[in-house]
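Peer 1: Chains as they are written, first to last, in the UniProt record's numbering: chain U, 1 to 292; chain G, 1 to 315.
The hints are simulated quantities; they were obtained by calculation from the structure and are not laboratory data. Computed from a prediction, not measured in an experiment: that's the story for all the values here. No residue lacks a Cβ here, since even glycine has one placed at the ideal position from N, Cα and C. Some hints here could point you the wrong way.
Here are some of the chain U residues that sit facing chain G, going by a computed Cβ distance under 8 Å [what the hints assert, rightly or not]:
1. LEU79
2. PRO133
3. ILE192
4. TRP193
5. VAL265
Distance windows between CB atoms, simulated [unchecked claim]:
6. G:HIS158 <-> U:ARG124: 45 to 53 Å
7. U:GLY120 <-> G:LEU3: 52 to 60 Å
8. U:THR252 <-> G:ALA44: 45 to 53 Å
9. G:LEU135 <-> U:TYR249: 30 to 38 Å
10. G:PRO136 <-> U:LEU74: 32 to 40 Å
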Amino acid sequence: MSTVTRRRRPSRDVRPRRRPVQGVVAKIAIFLILFYAVLAVLGPHITPFPPDQVGVGPRLSPPSADHWFGTDALGRDQLSRVVAAAQPALLSAVYAVTFALVIGTVIGIAAGFLGGLWDGTLSRVVDLLFAIPEYLLAILVITVMGSGLVNASLAIGLVCIPRFARIARASTIAIMERNYIDAARLCGRGRIWIMRRHILPNIASPLVIMTAINLSTAEGAYAALSFLGFGVRPPAADYGSMISSSQQYLLTDPWLVVFPSIAFVVLVLAFNLLGDVMRDRLDPRSRTSAGA
Amino acid sequence: MLLYLSRKLAGALAVLLLLSALIFFAGRGLVPGNLATVLAGPKASPETIKAIERDLGLDQPIYQQYLDWLSGVLRGDLGTSPFSGQPNLDVIAQQVPVSLELSLMGLFFAVLIGIPIGVIAANRAGSGTDWGIRLPLLIVFAFPAFVSGSAALYLATHYLTNLYSPSYIPFSDSAMANLQTMLLPALAVGIPTAPLVSQMTRSSMIEVLSQPYIATARTNGIAEWRITYLYALRAALPPVLTLIGFIFGLLVGGLFIVEQIFSLPGLGRGVLSSISNRDFSQVTAQAIVMAGAFILGNLLVDLALPFVDRRILRK
């Protein structure tokens, strides 16, 4: 019997012990994200050189006292470009996730609350959207709308909609049988009022988790699209396009790839950590949609 | 069983139909302005333009063009590119094996790495080591294919010159030389995907391990490795399998990037070059093949699920 009790019982009962680690991880993640946010806001004002200015230094010089991250093939200062790239990186994630959050939540609540034909139709549409390979969908959308920061972000947002819609619908259905919903109905409250005042606040926590998780996937997806040439227009810098335009110098001047890669990976990691901590904190079951 | 099968099949067909429309119209959106005018060149006479329109069926209403294209696709005719004059099927037939091999190898590595790590993490869930296992995974997950791929390419060309050969050789020509080219790209696809598999394995295993029948098995003195790998893992597999279906979609994205980095002549790179050539005919053909493969992959996973867990059929 003792072997049984000694077994590590997973999940719920041990959670409190995990808190201290979580606290530190959460602080690091939030600090990093704030750091990037400051760079994004102050970006153009604090860079040592104008980020898009050609020939501020020698071509392809390795990191030095003048150019900490070296210079690229056009003699542009890499440090300035890496700093400037924080803005499109954060903006793309915020645009994409906001778009997906708003549309997905509206679809999800409407499907869950109205039920019947509404639910059937909306759920089918969401299922269809979910069944399309993400990058293929995003690239097709960009093909039609044209590349650029906003269009690429919206394409990614479109891809993320089903995740929000599904979780919003499931959470709405779960609280539909609560007494206060019936009470509000008996009081003659309109459907919109109930959805806004009762349902939305009560399904907020899974949506917050979903938002945190999707910030990192959206940022990764944007960088990937930008790597493929669908992101910001050329003279402007972002991590994906910097890495892709430095590919040909990978073997001779690896620092051109290294610095934007580090900057990008740290940002995605911060979003990932934030998402993980949020999930552990807010999700009572702590197992939905593992990292997806 | 039959009902389950037919429902899954109908769903897959519906998705494919919707996608075909999306792909067709996206392809048309690729060429700005009048297609025939673009094809004929700037100095063409109105008669030439008319002739081209008639040849390609562009004088028909757009929905008619879509239906013609769709019925062609259903009969296995993917059309001929008006830009290169090559049948699209021939081009794709060369690209598909490359992408298929890359994604299967990538999936293999993702599963090979992800499932054992997930099982180990589940066994130690809740302890301090849990974060110790999850943190490196999250770090790996933060490395997208285009960063890890670049790093792998750099390391291989500098230090492991005999491990990697940069020029692609078909498997049928020389299996060894082919694997030499594909191993590194496959790792670049597989390793960033592995954390997803291990996360899902971990959480699914945790749930199964807390079931009463596992405790019963323990009190009956059944060896711990038997419980973990034979009883629990089997019961924990369905969500992992579903995730693997989902991963096919991620692999499609990985293909675009990894094929680009390693200059592999696959479908992903093909789509990108068709887009930059504005070859709408080829891009629609490639995209529909890609979408079909993805949906087929998901369908196969759905069909395999009842064999792992019969309870699925009762839902």
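Peer 1: A separate judgement is required for each hint: does it hold in the structure or not?
Peer 2: Quick rundown of the hints versus the structure:
Look at LEU79 of chain U: its Cβ only gets to about 19 Å from chain G, farther than 8 Å, so that hint breaks. Nearest Cβ of chain G to the Cβ of PRO133 of chain U: about 4 Å, under the 8 Å cut. The hint holds. For ILE192 of chain U, the interface hint is violated, since its Cβ never comes within 8 Å of a Cβ in chain G; the closest pair sits about 30 Å apart. For TRP193 of chain U, the interface hint is violated, the least distance from its beta-carbon to any beta-carbon of chain G being 35 Å, above 8 Å.
The beta carbon of VAL265 of chain U comes within 5 Å of a beta carbon in chain G, closer than 8 Å, and the hint placing it at the interface holds. For the pair HIS158 of chain G and ARG124 of chain U, the supplied restraint of 45 to 53 Å holds, since their beta-carbon distance comes to about 52 Å. For GLY120 of chain U and LEU3 of chain G, the hinted distance range of 52 to 60 Å is not satisfied, since their beta carbons lie about 18 Å from each other. At about 46 Å, the CB distance of THR252 of chain U to ALA44 of chain G agrees with the hint of 45 to 53 Å.
About 32 Å separates the C-beta atoms of LEU135 of chain G and TYR249 of chain U, a value consistent with the hinted range of 30 to 38 Å. As the Cβ distance of PRO136 of chain G to LEU74 of chain U is approximately 37 Å, the hint placing it in 32 to 40 Å holds.
Consistency with the previously given hints fails for numbers 1, 3, 4, 7, ordered from lowest to highest.
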